[in-house]
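Protein chains in written order, with UniProt numbering: chain X, 1 to 375; chain V, 1 to 375.
Please note: incorrect hints may appear among the correct ones.
Unchecked claim - If we take Cβ atoms under 10 Å as the criterion, some of the chain X residues that face chain V in the derived model are:
| # | residue |
| --- | --- |
| 1 | Thr32 |
| 2 | Ala65 |
| 3 | Ala141 |
| 4 | Ala144 |
| 5 | Gln148 |
| 6 | Pro150 |
| 7 | Tyr151 |
| 8 | Pro200 |
| 9 | Arg201 |
| 10 | Thr220 |
| 11 | Arg255 |
| 12 | Gly333 |
| 13 | Thr335 |
| 14 | Asn343 |
Claimed, not checked - Covered stretches of chain X (chain V as the covering partner; in silico rule of three or more C-beta atoms under 8 Å from a C-beta of chain V):
| # | segment |
| --- | --- |
| 15 | 89-103 |
| 16 | 110-120 |
| 17 | 189-199 |
| 18 | 203-209 |
| 19 | 248-254 |
| 20 | 297-309 |
| 21 | 317-324 |
FYI, nobody ran anything at the bench for these hints, they're computed from the structure.
All figures in this text were calculated on a predicted structure; none of them were measured in a lab.
Positions of the beta carbon are idealized from the N, C-alpha and C atoms, including for glycine.
2 protein chains.
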Amino acid sequence: MTTPVVDVHTHVYPPAYMDLLRSRSSVPYVRTFPPDTSSSRLIILPGEDDPSRPSTARGRPVGPAYYDIKEKIAFMDAHKIDISVISLANPWLDFLSADEAGPAAQRINDDMNAVCAQNAPGRLYAFGALPLSASTEVVVAEIARLKQLPYMRGIIMGTSGLGSGLDDPALDPIYAALQAQRLLVFLHPHYGLPVSVYGPRAGDYGHVLPLALGFPLETTVAVTRMLLSGVWDRFPDLQVLLAHSGGTLPFLAGRIESCIAHDAHLMKKQANSGDANKAPRRRRSVWDVLSKNVYLDAVVYSEIGLRAAIEASGADRVMFGTDHPFFPPLEEGETEWLSVRTNYQAIHAAVGREQDLAEGVLGGNAIRVLGLKHA
Amino acid sequence: MTTPVVDVHTHVYPPAYMDLLRSRSSVPYVRTFPPDTSSSRLIILPGEDDPSRPSTARGRPVGPAYYDIKEKIAFMDAHKIDISVISLANPWLDFLSADEAGPAAQRINDDMNAVCAQNAPGRLYAFGALPLSASTEVVVAEIARLKQLPYMRGIIMGTSGLGSGLDDPALDPIYAALQAQRLLVFLHPHYGLPVSVYGPRAGDYGHVLPLALGFPLETTVAVTRMLLSGVWDRFPDLQVLLAHSGGTLPFLAGRIESCIAHDAHLMKKQANSGDANKAPRRRRSVWDVLSKNVYLDAVVYSEIGLRAAIEASGADRVMFGTDHPFFPPLEEGETEWLSVRTNYQAIHAAVGREQDLAEGVLGGNAIRVLGLKHA
């Protein structure tokens, strides 16, 4: 293995962001709960903030792995990861007021860039966060500013957009700026699905249903709404990296394409769109977008899922990731993480016999697409 | 090709059920809407019953393909399908009162069995419907009765169960009866996801988001809840056929398994379950259930999805289906359906070079599992 291993899906809550969360008393926030006040817990979803639940079922413990970059480097060393492209974890800056968002974005993006510059040079790059609750002008200005920060390689974004989803036409100036600056959009879930979906016994199942199913479906809905609203018809060079191997997109792409082709209402609308003197606009297929605009991380925890991802977007568009610091081992003192080993094994099982494809997924693709330089 | 082709996913609304729908004035129901009163429309979801939408966007046209078995036979002939295992379409009997449900189930199941007996003998079998709003005793009695009807080969069921999902312990006597009678459970979505998930512009996208994403996720949530609640630990021989190749289960199985293994709350609960004097019960993995209790139809509209389904459950557990009479061609007069061709092509692309596997998926598996006899 001569190509460096690159982790494109790895989160941090830098100190400036932790301060912000500790200063708050509603979701998202960080605090301690009795009886165990020795460790803080991170509550990021309204459904996690239920006082009737035991403290161990509220959010997740938050420790140095979330904010101390030395822990990230130690994790990278333990798992033979040469380069990490770190990103702010959810819910990013989505919850800030219009006035707070712009300055917070600058402060936190500068913080992320400085972390990359100061620690283990050549091993860290970053995706920035956008102040989406501020005005479009502020967002577009931050995109231009991010492009000038030497370690920034794209932006991470949730599915809320300006508050009503990524199919909002008001996002067009932002998509235009991201396309023009050639910044990759790392699209990541946070909001999940309404808890009613999980039924009256969901409390028995820990975080499994929202994490295992809600997150991937949220991503799939978001990207399908982008597709149906014509985002990639208007911005044919907009590039997105979809978390968790696209949620469920590689598996459902055929069904999405079939449902579009069989929807009388939608097909009639499409035929009537555009200038009456011109031929109707040719809609780009899900498959076309998957293979030209979509990158997928390899965070899918199975050979079957990974192979579907590779077949959907191409082995040159899939990139290794860990989701660190989430999914740590349950046993204290384990240095090798089961979650990481599972994803490594999936890559070896799916393309291990094709060394060049495996090296691409493990790092070569990220190096090429993001322009990374290994020290 | 010497093995008959069998369609395990094909719906009917038999005359007794159409009469029921025509007699109703709230969802689900059948009626005409002005200005086009020449054809009836079928409204089965609350979200489809919006008077502000044009009649062409309300529900779907319902014609003889839904209730006239001659149309089914003609469709089978046009698509080289030798045997169809017909099932009542959603929402089955879910909406009936406790008193109505039992008699309606008998009437409609007898109707389905008679249709199989009277028309083109040897070409039709059926899955029955359960009166789930009646008492458990009535449901269990209907299961025993179904077993005696010569063309019945299982039951079709939605995800609601007795009203609160398939992880409801009150379903145990029903699961026990289905396991004891060795009746396959065809698990099919209907309720989808809350419409808020699709955002404020969902009206622009026809039925695509609920059908392409809501349906598969509903199935995935339902089966994951069954798994987490221990249904297959208690009923290790209960066999289910999951619609639409498992929703998204083959793709997400790895993530589900990983989320379970990393959930401190759930793992602690599991370790503490069972008799204190015995070792903790060993939870069956998603993969184990997929390969021993789950059958998947091949209604996934892509080679990528179908290959994932085959890898997840085994080529001997995947079965061809059409979803007829849904997803008809948009052009009048087309006899070959694009939706069917897409699924045939997916099978040929995924296992076409392995003739025995392809014949199994196309019909051999259904013949073996359901005990079908071709005339």
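Hint check:
1. Thr32: Constraint on threonine 32(X) not satisfied, violated at 17 Å.
2. Ala65: violated (14 Å)
3. Ala141: Given a least distance of 27 Å, the restraint on alanine 141(X) is violated.
4. Ala144: violated (28 Å)
5. Gln148: violated (34 Å)
6. Pro150: It is violated, given that the least Cβ distance between proline 150(X) and chain V is near 35 Å, above 10 Å.
7. Tyr151: violated (30 Å)
8. Pro200: Hint holds; proline 200(X) Cβ to chain V Cβ min 5 Å, cut 10 Å.
9. Arg201: Check passed: Cβ of arginine 201(X) comes within 5 Å of chain V, closer than 10 Å.
10. Thr220: Constraint on threonine 220(X) satisfied, holds at 6 Å.
11. Arg255: OK, holds: arginine 255(X) within 10 Å of chain V, min 5 Å.
12. Gly333: violated (15 Å)
13. Thr335: violated (16 Å)
14. Asn343: Because about 9 Å separates asparagine 343(X) from the closest Cβ in chain V, which is inside the 10 Å limit, the hint holds.
15. 89-103: Three-residue rule not met by the segment 89-103 of chain X, so violated; n is 0.
16. 110-120: Three-residue rule not met by the segment 110-120 of chain X, so violated; n is 0.
17. 189-199: holds (count 6)
18. 203-209: holds (count 6)
19. 248-254: It holds: at least three residues are needed, and the segment 248-254 of chain X offers 6 whose Cβ sits within less than 8 Å of chain V.
20. 297-309: It holds: at least three residues are needed, and the segment 297-309 of chain X offers 8 whose Cβ sits within less than 8 Å of chain V.
21. 317-324: Since 0 is below three, the answer is violated.
Figure legend: structure checked against the earlier numbered hints; hints not met, in rising order: 1, 2, 3, 4, 5, 6, 7, 12, 13, 15, 16 and 21.
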